[in-house]
Amino acid sequence: MKTTVRSERRRQSGARGFTLIELLVAIAIMAVIAVLSWRGLDQIIRGRQTITNAMEDERVFAQLFDQLRIDARHAATDDESGQAAVSISGSVLQIVREMMLPGTAPRLQVVRYRISDGRVIRYASPPLGNLDEVRAALRGGEGSDWSAVPLMGGVGAINARVYVPKVGWTTQMKDVQSAITENDNNLKVPQVGNAPLPRSVTGLQVSIGASSLARPVVRVFLVGE
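First residue of the sequence shown? That's 1 in the working numbering, and the numbers climb one at a time after it.
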């Protein structure tokens, strides 16, 4: 009987729970695992947000540059617009472009890209039927009958320069005007009415600087091609 009691006591003394130190160690390990898991999840979320923002920026840039490409491709000639069809003034880019509407004769349209409150806005005049209307649109500002389409936000600067044959890339409109004058002087009489004047501007380079960009994005467009 004594032997049985002693054996039972030995079994009870050998069965014990976790000590306080063991519990603290286990809690510490679980805390480390939780922190590492949270950091990993946070990095995944941040990476996903970065990719989403980059894709959105790419979409906005593509929309802006695609519209610029269309406007430059449909640019009118200098004699059609009565002055340089493509012109730059500070951070404003202006293009006189041809406009084809179903069932109507070809029209011209004045398009301006300018920054307003950090956003690139494309202003477009209504269709213009004659040179007087074109001149009035070129001299005036954007009236109530003009459309205004926001294309991109967060823009710090929009810079442009034009390519003038025999001159190269320039930001000086006097170079463009000199090319127009030279083309006009070189025009031969038999060509009058048969062919337009050569273009004074054949290329357009646009640089966009935005807060989300480490460096400006530059694109080059052909004019009238």
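Hint data in this document are derived by calculation from the structure and do not stem from the laboratory.
From the three backbone atoms N, C-alpha and C, an ideal C-beta is built for every residue, glycine too.
A portion of the hints provided could be inaccurate.
Using C-beta positions, here's what the derived DEER-type ranges look like [claimed, not checked]: (1) G209 <-> G40: 40 to 48 Å; (2) G118 <-> R46: 19 to 27 Å; (3) S37 <-> R119: 55 to 63 Å; (4) R119 <-> Q43: 26 to 34 Å; (5) S89 <-> D66: 18 to 26 Å; (6) Q67 <-> G143: 14 to 22 Å; (7) P102 <-> T170: 35 to 43 Å; (8) D66 <-> G156: 16 to 24 Å; (9) A31 <-> Q205: 51 to 59 Å.
Against the structure, the hints:
| no. | hint | verdict |
| --- | --- | --- |
| 1 | G209 <-> G40: 40 to 48 Å | violated, 35 Å |
| 2 | G118 <-> R46: 19 to 27 Å | holds, 25 Å |
| 3 | S37 <-> R119: 55 to 63 Å | violated, 41 Å |
| 4 | R119 <-> Q43: 26 to 34 Å | holds, 32 Å |
| 5 | S89 <-> D66: 18 to 26 Å | holds, 24 Å |
| 6 | Q67 <-> G143: 14 to 22 Å | holds, 21 Å |
| 7 | P102 <-> T170: 35 to 43 Å | holds, 38 Å |
| 8 | D66 <-> G156: 16 to 24 Å | holds, 21 Å |
| 9 | A31 <-> Q205: 51 to 59 Å | holds, 57 Å |
Consistency with the previously given hints fails for numbers 1 and 3, ordered from lowest to highest.
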